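Under the working numbering, read the sequence shown as residues 35 to 767, first letter to last.
For the record, the hints were derived by calculation from the structure and aren't laboratory data. Mixed in with the good hints there might be a few duds.
Under the rule of at most 27 Å between Cα atoms (straight-line distance), these lysine-lysine pairs were calculated in the DSS-like manner [unchecked claim]:
{"no.": "1", "residue 1": "75", "residue 2": "461"}
{"no.": "2", "residue 1": "75", "residue 2": "115"}
{"no.": "3", "residue 1": "115", "residue 2": "81"}
{"no.": "4", "residue 1": "461", "residue 2": "603"}
Label-pair restraints from in silico Cβ distances [what the hints assert, rightly or not]:
{"no.": "5", "residue 1": "154", "residue 2": "133", "range": "30 to 36 Å"}
{"no.": "6", "residue 1": "133", "residue 2": "279", "range": "24 to 30 Å"}
{"no.": "7", "residue 1": "727", "residue 2": "413", "range": "18 to 24 Å"}
{"no.": "8", "residue 1": "645", "residue 2": "154", "range": "47 to 53 Å"}
{"no.": "9", "residue 1": "627", "residue 2": "291", "range": "43 to 49 Å"}
{"no.": "10", "residue 1": "613", "residue 2": "575", "range": "31 to 37 Å"}
{"no.": "11", "residue 1": "358", "residue 2": "690", "range": "41 to 47 Å"}
Fair warning: this is a prediction, and the values are worked out from it, not measured in the lab. Where is the CB? At the ideal position from N, CA and C, for every residue including glycine.
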Amino acid sequence: MTTVQAEAGWQPVAGFVRSDGAQHRLELLVDGAHCGGCIAKIERALKAEPDVELARLNLTTKRLALRWHGPVARGDALAQKVRDLGYAVAPFDSALADTRAQAEERTLLRALAVAGFAAGNVMLFSIAIWAGHSQGMSAETRGLMHWFSALVALPAVAYAAGPFYRSAWQALRVGRTNMDVPITLAVALASAMSLYETAVGGEHAYFDSAVTLLFFLLVGRFLDRRARRRARSAAEMLLAMQARAVTVLGPDGSPVSLRADDIAPGMTALVAAGERIGVDGVVTDGRSDVDTSAITGESTPTAAGPGIQVFAGMVSRTGALRVRVTAVGPDTLLGDIVRLLEAAEQRKSRFVALADRVARYYAPAVHTLALVAFLAWWLAAGIAWQSALMIAVAVLIVTCPCALGLAVPAVQVIANGRLMRLGVLVKSGTALERLAAVDTVVFDKTGTLTLGEPRLMAIEQGDGDALACAGGLAAASRHPLARALWEAAERPAPYRGVAETPGLGLAWNGPDGEIRLGSREWCGLADAPSDSTEIWLVRPGLPPVRFAFADTPRADATETVARLLAAGKDIALMSGDRPGPVAALAGELGIVRWQAGMRPADKAAALEALRADGRRVLMVGDGLNDAPALAAAHVSMAPASGTAVTQTAADLVFQGARLAPVLAALETAHAAGRLVRQNLTLAIAYNAIAVPIAMAGLVTPLVAAVAMSSSSLLVVGNALRLGAARGRMTWTS
35 MTTVQAEAGW QPVAGFVRSD GAQHRLELLV DGAHCGGCIA KIERALKAEP DVELARLNLT
95 TKRLALRWHG PVARGDALAQ KVRDLGYAVA PFDSALADTR AQAEERTLLR ALAVAGFAAG
155 NVMLFSIAIW AGHSQGMSAE TRGLMHWFSA LVALPAVAYA AGPFYRSAWQ ALRVGRTNMD
215 VPITLAVALA SAMSLYETAV GGEHAYFDSA VTLLFFLLVG RFLDRRARRR ARSAAEMLLA
275 MQARAVTVLG PDGSPVSLRA DDIAPGMTAL VAAGERIGVD GVVTDGRSDV DTSAITGEST
335 PTAAGPGIQV FAGMVSRTGA LRVRVTAVGP DTLLGDIVRL LEAAEQRKSR FVALADRVAR
395 YYAPAVHTLA LVAFLAWWLA AGIAWQSALM IAVAVLIVTC PCALGLAVPA VQVIANGRLM
455 RLGVLVKSGT ALERLAAVDT VVFDKTGTLT LGEPRLMAIE QGDGDALACA GGLAAASRHP
515 LARALWEAAE RPAPYRGVAE TPGLGLAWNG PDGEIRLGSR EWCGLADAPS DSTEIWLVRP
575 GLPPVRFAFA DTPRADATET VARLLAAGKD IALMSGDRPG PVAALAGELG IVRWQAGMRP
635 ADKAAALEAL RADGRRVLMV GDGLNDAPAL AAAHVSMAPA SGTAVTQTAA DLVFQGARLA
695 PVLAALETAH AAGRLVRQNL TLAIAYNAIA VPIAMAGLVT PLVAAVAMSS SSLLVVGNAL
755 RLGAARGRMT WTS
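Could you build all of it, start to finish, from the sequences and the hints given here?
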C-alpha cells in the first residue's frame, strides 16, 4: 500500500501493513495524545468505521494498533482520520518514538533555559523599578527600564512559551480546552499589555510576571516529560522477546534461523541448552529442565521430555530439545500475555489525575470570568477598553492554575522523595492517588511473599549418611533443588563421575552399585507423585530417602500480612505453583483466600472480577507471568528482584528482601491523599477570595502576580509537612 504520509518532521516508512488473509494489521505512532480523553476520542472515531475490528491506543508508548477487513489501502484513510482529529501519525517504530520523546525533552530544556535566563534578568530591572517608586525615579528612567525589560522578556516569551502555545492551539483547533489555554492567554495578554503600557509611558509593566510564570511551569513540564520517556511499556518488552530468531529444521534437514513471522505450525524448532524457547509446541525429542517462570511464575524448573507441551518464553536450562511447532508470534501463549498487558495498560492510562479532573471545569470557568470582567467594565461601566483589558488580565493571572497545578505535584514530589529513601520507586504520576484507595491486596507467592530460594525442610527415612551422600551428588548440578541440597549438606566436595540426565536427575556408580538422586521416575519409585517439592535418593540395599523443600518466606511476610489485615484490607494469594506449597504458605502467613495453578490469563481474569465487584486492588508480584495482573490491577508493586517486564508493568518498585516497603507505600499514599485534599481546598479558597476582588478592579496585575505566588507557596509549604513526618505513620482503610 502507499505509505501513510506523516506530519511535518515525521519520516514515512513503507511496508508497515501486515495481512493475514482478508484481515490487515497496522501500527501507528500517534503524537499529541496526552490523556485518557485523547485515547477515547481516537478509538471512538476509528471504531465507528464498520470494517474496523480493533482500535487500541497505548498512551505509554503512543502506539495505535489497528485491525480491519477489506482493502489494504484503507490504512491510509484510517491514518488520515486520526490526523483530522488533530494528531500527527507515522508508522510505529519504537526507535522513532524514543527519538521524538528525546527531541521534545530537548525542546523543553532549551525553553526552560531561555525562560530562566530572562526571568533572572528581568527581575533585576523590576527590583530597580519597584525601588524607584518610593525613591523618586523619573518617568524617563522608569520607561527606559521598562524597555530594557521588554527587550529581554518578549523574545524569551515568544520562544519559551512555544510548548504551551502549540498545546493550546492543538486543543482549540479541534474544539477542546486544556490547562495550557489559560496559561497561554495569561502570558500573551500580560506581555502585550505590558508592551502597550511601556509604549504609552504607563507606570506599570508586568514582564517579570510573564517570564517567571513560564519558568516555573516549564520546570514542571520538563520533569513530567522526562519521567514519561523513561517509563517504557511492558508489552513492548515482551514484543521484543517475541521477535527473537528461532532455529528450525529446513527442508533438507539442516538448521535454519528464521524470524517468528516466517515459521509455520508443523515445523520442527531446535532449542539448545540455556536457550529461550521462541514458539509454542510439543517436545518430540530430548529432555531438559525447563524454566517455566514466564508462564507459571514457579522458580523450580519442570522436567520436559517427548510429549510435553512447552511455550514461548520458557527457557531450556539443562538439555537440548526438538519441538514440533503448534503456534508462533501473536498466537502463542506469550502473545496472549502481550494482549492482556496492552488491554490493561490501556484501561489504566484512562485514569486521570485529580488535578486534571478539576481542570476540566477550571479552565472554562477562568475564561468565562475574565471575559465577563472585560465586558462588564468596558460596556457596562464605560471605562476605556485598555483599562478593562488590564482588569481581565489581572483575573487571568490571579486565577492562573499555579496553586491548582502545584496542589498535587508538590505533594507527589515530597511523597516520592520519602518513598525513595525507604527503597520504593514511584513510576506513575497517579500511583499514590490510586494506592490510597486500595481495599484489597493480592500477593503472588514465589519471589514476592517468598524469596524464590528453595530450602531443605525435611529428610524422610534417611540415615546419618543420606544428606552427605546426596550433597556429594548434588554438587555436580546447577538445578535449584540440587544447589539447596548441597548448601544444606554444608557444601561437600562433588563425587567424581556423576552423570546428569536433564529433566530427571543424577547418577553415580559407587562401590556398592549405582546411586541415583532425582525425581520419583528417575529413582524407580512407583508411588503416586507428591504435590510438594521433593527429590529422592536411592542407594543399593537401603530404603529410599525423600528430601522435601519449601520456598523461604520473606522475613517480615507474616508481620506485613497481619498489619494489612489489621488495617482492614482483604488479602488474597494467587500463585501459579501447585496447591500443596501454596496452601502451606497461606496457612503459615494467615491468608485465608488463596488460589494455585493459575496462569497469567487466570490472574488477570481474577483481578477483573474483583474490579467488577467494586474492589480497588493492589497487586504485588515479581514474575513475567504476573505482568498482565500487575497492569490489570488498580495499582501494582513489584520487587526490584523481579523480571524487567514486571518492573515495567508495575506502578511502584521496591528494593530489599523485606515487604516493609509495601506498608510504607500504603502509609505514605494515605498521608499524601490527605495533604492533596487540603491543598486543593486551599487553592479553591484562594480563588474564591481573589477572583471577586480582581473582577471588582481592585487588583493590579502586579498584585495579582504576588497573590498567585503566595498561594503557590502556601500549597508547597503544606506539602512539605509530609517530608517532615518522623517515625512510623498510622493509617487505616
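Against the structure, the hints:
1. 75 x 461: Given that 27 Å is the threshold and the Cα spacing comes to 26 Å, the pair holds.
2. 75 x 115: holds (11 Å)
3. 115 x 81: The hint holds at about 11 Å.
4. 461 x 603: holds (23 Å)
5. 154 x 133: 30 to 36 Å: Taking Cβ atoms as reference, residue 154 and residue 133 lie about 32 Å apart, which means the hint holds.
6. 133 x 279: 24 to 30 Å: Distance hint for residue 133, residue 279 holds at roughly 25 Å.
7. 727 x 413: 18 to 24 Å: Holds, at about 21 Å.
8. 645 x 154: 47 to 53 Å: holds (50 Å)
9. 627 x 291: 43 to 49 Å: 47 Å Cβ-Cβ, so the 43 to 49 Å window holds.
10. 613 x 575: 31 to 37 Å: Distance hint for residue 613, residue 575 holds at roughly 36 Å.
11. 358 x 690: 41 to 47 Å: Cβ of residue 358 to Cβ of residue 690: about 44 Å, so the range 41 to 47 Å holds.
Checked against the numbered hints given earlier, the structure satisfies every one of them.
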